[in-house]
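> The listed protein sequences correspond, in order, to chains A and B. So that you can map any letter, position 75 of the first sequence is 75 in the numbering used here, and since no number is skipped, the others follow by simple counting. So that you can map any letter, position 20 of the second sequence is 1020 in the numbering used here, and since no number is skipped, the others follow by simple counting.
Simulated from the structure, these hints should not be mistaken for lab results. A quick note: this is a predicted structure, and the numbers were derived from the prediction, not measured. Heads up, the beta-carbon is just placed ideally off N, CA and C, and yes, glycines get one too. Some hints here could point you the wrong way.
Unchecked claim - Cβ-Cβ distance ranges computed for the label pairs, FRET-style:
{"id": "1", "chain 1": "A", "residue 1": "Thr-38", "chain 2": "B", "residue 2": "Pro-1008", "range": "13 to 23 angstroms"}
{"id": "2", "chain 1": "B", "residue 1": "Glu-1053", "chain 2": "A", "residue 2": "Thr-115", "range": "39 to 49 angstroms"}
{"id": "3", "chain 1": "A", "residue 1": "Ser-27", "chain 2": "B", "residue 2": "Asn-1052", "range": "37 to 47 angstroms"}
{"id": "4", "chain 1": "A", "residue 1": "His-10", "chain 2": "B", "residue 2": "Ala-1082", "range": "19 to 29 angstroms"}
{"id": "5", "chain 1": "A", "residue 1": "Gly-40", "chain 2": "B", "residue 2": "Ala-1081", "range": "36 to 46 angstroms"}
{"id": "6", "chain 1": "B", "residue 1": "Ser-1051", "chain 2": "A", "residue 2": "Ile-12", "range": "39 to 49 angstroms"}
{"id": "7", "chain 1": "B", "residue 1": "Thr-1020", "chain 2": "A", "residue 2": "Ala-53", "range": "35 to 45 angstroms"}
{"id": "8", "chain 1": "A", "residue 1": "Gly-85", "chain 2": "B", "residue 2": "Glu-1055", "range": "40 to 50 angstroms"}
{"id": "9", "chain 1": "B", "residue 1": "Leu-1061", "chain 2": "A", "residue 2": "Ser-27", "range": "24 to 34 angstroms"}
{"id": "10", "chain 1": "B", "residue 1": "Pro-1008", "chain 2": "A", "residue 2": "Thr-2", "range": "31 to 41 angstroms"}
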Amino acid sequence: DTGVSQDPRHKITKRGQNVTFRCDPISEHNRLYWYRQTLGQGPEFLTYFQNEAQLEKSRLLSDRFSAERPKGSFSTLEIQRTEQGDSAMYLCASSFPRAGVSTDTQYFGPGTRLTVL
Amino acid sequence: SQQGEEDPQALSIQEGENATMNCSYKTSINNLQWYRQNSGRGLVHLILIRSNEREKHSGRLRVTLDTSKKSSSLLITASRAADTASYFCATALSYNTDKLIFGTGTRLQVFP
Chain A
1 DTGVSQDPRH KITKRGQNVT FRCDPISEHN RLYWYRQTLG QGPEFLTYFQ
51 NEAQLEKSRL LSDRFSAERP KGSFSTLEIQ RTEQGDSAMY LCASSFPRAG
101 VSTDTQYFGP GTRLTVL
Chain B
1001 SQQGEEDPQA LSIQEGENAT MNCSYKTSIN NLQWYRQNSG RGLVHLILIR
1051 SNEREKHSGR LRVTLDTSKK SSSLLITASR AADTASYFCA TALSYNTDKL
1101 IFGTGTRLQV FP
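The shape of chain B in the complex, shown without the other chains:
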């Protein structure tokens, strides 16, 4: 079963606007990762945030992690049409297991 749930399930915005996606999970984690998937293709890693970190930045991406609320958010600033994709959060649950548990994903559509 999926560990995470993402909100919203779908998001449509205009180019230049910011996009925020949220991820909630159920159990303690070692780290949380965000991936992008273009239609019918493999996943591209975006950013990893560890359980002892609260915020990370990478280019136009900002990720926050609140372990007390078991939630994370991904902010894409100044969005572009090329950002159109599905975005998934994935959690690595503990130190001793390496599997990722993925959420259900947010489908982002950026209109030119």
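This is chain A alone, in the form it adopts within the complex:
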């Protein structure tokens, strides 16, 4: 199966540590998205890329968060100086909008569950 993959699936860290997550999108998809989901809530948009360009960032993405997609394929999301409030599921999705279609189906990975102690 060549769906969206995320690594690691679970991460436990101590407050103040840095963490990095990786997302590998579906191979032909040029758009890649990051969302965050806390318990009992729907996912919240963080940022998205078209190829290697980061096109939009949410205000939720504080200066402790940085996302990259250097070669337009996989992406990394880094959180510096983690706080307990960063504990959440971090979801990655990808899409390949068809010509003339601005938005299309986003396919999600299994997520990385972060616990900050």
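Following the hints, put chain B in place on chain A, whose structure we already have.
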């Protein structure tokens, strides 16, 4: 903040019954999508309906969209225990942005 609100927050039914979930949103949209999420896992795309469409079907799923009321509904017919999950609606707001704004979700429990 969440764009959509879903109703009900939780729904319990018996196998074979139909389940209806509603989603309301606040601003104009380009399309609306429904996703399913099993406990603690990623989201699975179910169906996408564009703003110029009123109804779509996919297997046991039927989605309606009423842009004048800014609402959508998801009907699952002949439910099965395997349909037990959380269901989210998500809106893509306009032509120029690609982010999805998710609702709060409906937790569906289907009893055998």
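> Run the structure past the numbered hints and jot down the numbers of the failing ones, going up.
3 and 5
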